[in-house]
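Listed here are the chains, written in short residue letters.
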Amino acid sequence: NAGVTQTPKFRVLKTGQSMTLLCAQDMNHEYMYWYRQDPGMGLRLIHYSVGEGTTAKGEVPDGYNVSRLKKQNFLLGLESAAPSQTSVYFCASSSQLAKNIQYFGAGTRLSVL
Amino acid sequence: DAKTTQPPSMDCAEGRAANLPCNHSTISGNEYVYWYRQIHSQGPQYIIHGLKNNETNEMASLIITEDRKSSTLILPHATLRDTAVYYCIVRVGETSGSRLTFGEGTQLTVNP
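So the protein lines, in turn, are chains A and B.
Position one of the first sequence corresponds to residue 12 (our numbering), numbered consecutively onward.
Position one of the second sequence corresponds to residue 4 (our numbering), numbered consecutively onward.
Worth flagging that the hints you see were computed from the coordinates, not collected in a lab.
Hints are all accurate, no fakes.
As a list, the in silico SDA-like pairs of lysine to any residue whose alpha-carbon atoms are at most 25 Å apart:
{"id": "1", "chain 1": "B", "residue 1": "55", "chain 2": "B", "residue 2": "75"}
{"id": "2", "chain 1": "A", "residue 1": "25", "chain 2": "A", "residue 2": "91"}
{"id": "3", "chain 1": "A", "residue 1": "68", "chain 2": "B", "residue 2": "105"}
{"id": "4", "chain 1": "A", "residue 1": "20", "chain 2": "B", "residue 2": "88"}
{"id": "5", "chain 1": "A", "residue 1": "20", "chain 2": "B", "residue 2": "42"}
{"id": "6", "chain 1": "B", "residue 1": "6", "chain 2": "A", "residue 2": "48"}
{"id": "7", "chain 1": "B", "residue 1": "6", "chain 2": "B", "residue 2": "77"}
{"id": "8", "chain 1": "A", "residue 1": "20", "chain 2": "B", "residue 2": "43"}
{"id": "9", "chain 1": "A", "residue 1": "25", "chain 2": "A", "residue 2": "89"}
{"id": "10", "chain 1": "B", "residue 1": "72", "chain 2": "B", "residue 2": "56"}
{"id": "11", "chain 1": "A", "residue 1": "20", "chain 2": "A", "residue 2": "30"}
{"id": "12", "chain 1": "A", "residue 1": "20", "chain 2": "B", "residue 2": "84"}
{"id": "13", "chain 1": "A", "residue 1": "82", "chain 2": "A", "residue 2": "61"}
{"id": "14", "chain 1": "A", "residue 1": "68", "chain 2": "B", "residue 2": "107"}
{"id": "15", "chain 1": "B", "residue 1": "6", "chain 2": "A", "residue 2": "56"}
{"id": "16", "chain 1": "A", "residue 1": "68", "chain 2": "B", "residue 2": "95"}
{"id": "17", "chain 1": "A", "residue 1": "25", "chain 2": "A", "residue 2": "48"}
{"id": "18", "chain 1": "B", "residue 1": "6", "chain 2": "B", "residue 2": "72"}
{"id": "19", "chain 1": "A", "residue 1": "68", "chain 2": "B", "residue 2": "102"}
{"id": "20", "chain 1": "A", "residue 1": "20", "chain 2": "B", "residue 2": "49"}
{"id": "21", "chain 1": "B", "residue 1": "55", "chain 2": "B", "residue 2": "69"}
{"id": "22", "chain 1": "B", "residue 1": "72", "chain 2": "B", "residue 2": "26"}
Stretch-level coverage of chain B by chain A, calculated; a stretch enters the list once three of its residues show a Cβ under 8 Å from a Cβ in chain A:
{"id": "23", "stretch": "33–47"}
{"id": "24", "stretch": "103–114"}
Here a beta-carbon is modelled for each residue, glycine too, at the ideal position from N, C-alpha and C.
The shape of chain B in the complex, shown without the other chains (with noise of 0.2 Å):
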């Protein structure tokens, strides 16, 4: 699986979208991009996941570079409870593998 970089903290605005870098440089062409997220003290949530376009659902919107070295989670109106470590993860395929490697991710804190 391709390394991934997140910077370490982040802060946000209640109501205001929040966007989330992930860097996947070496990434390969049959590699999708996963984000999580773990809220204090809970099991890690699987938010959205994707190859090359973007992808949106009900809980945040993943825009992924044309040449896919790079993406961005966006949280579009960030809420007190979308404070936590959200994980960018890189996987080969989506039927694939088993072991899911959480880095060290990014810690978003959302203030009032």
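Extracted from the complex, chain A is given alone in its bound form (with noise of 0.2 Å):
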């Protein structure tokens, strides 16, 4: 069982270069989420989306976007990548029904010069 699965693993940028992180899950959940993880520190939200064609802001956009054009799939971008976005970045999906229960990708680990 596939569940969640991020692309790139690793990836090292030079400030002001652009990146996507993509995120596909197989389990039909309605809700994704984009999570980033500071070292010694918890996740914050970036961003979330509810459904196909539709995201939300979560509680530490900037500087991210995101698209959802395919169920299945949660894409997030960094324009100009900063060293600040120097972080793992983990996706999770849910169902409608337990969104509380989430599921997460296995994360990408990027660095920015």
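Please dock the two separately framed chains into a single complex, following the hints provided.
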């Protein structure tokens, strides 16, 4: 069972470069989320989506954009990467009937130099 | 969401039961207790949740006190692979909300 798959697993960017992180889930979940986790800290919600074509801001949305064109995919974009965006990014999904049971991907480790 | 308090760290011997406490003294009647864990460098993993009755699944048991002000996650036979940070989270309902707030959690170290 694939569950939630994130690509890439690792990436190094230079300041100002752009990139897109891909999250795919095969559980037919309505809800999808992007979190970031900085060293020694808890997860913080960046953006989330309650369904195809809809997105909403989370706790720390600045500097990121997202899109949910297909139900199974949730993309996180960094238009102009900054060193402060060096972090581990986790994608998660959940069903509408059990929003608080979230299934997480393995994470993307991003370094911005 | 009600605030939770957990000890920062605990140790457990392999094969013994690990009992992880969580205090949520301001919990309200419609708030559930959820437990997640995060093994180093991996994404968080859901373990179990409950409202007021004790719950058990293939991973763990959840014991909630009668006044619901505290709970205990029990791993009956801890293994080295159970070494992780364990998070206790209180959320309203099962279908409400979006953001999960992971506090500092408890670092459980299972020793051989």
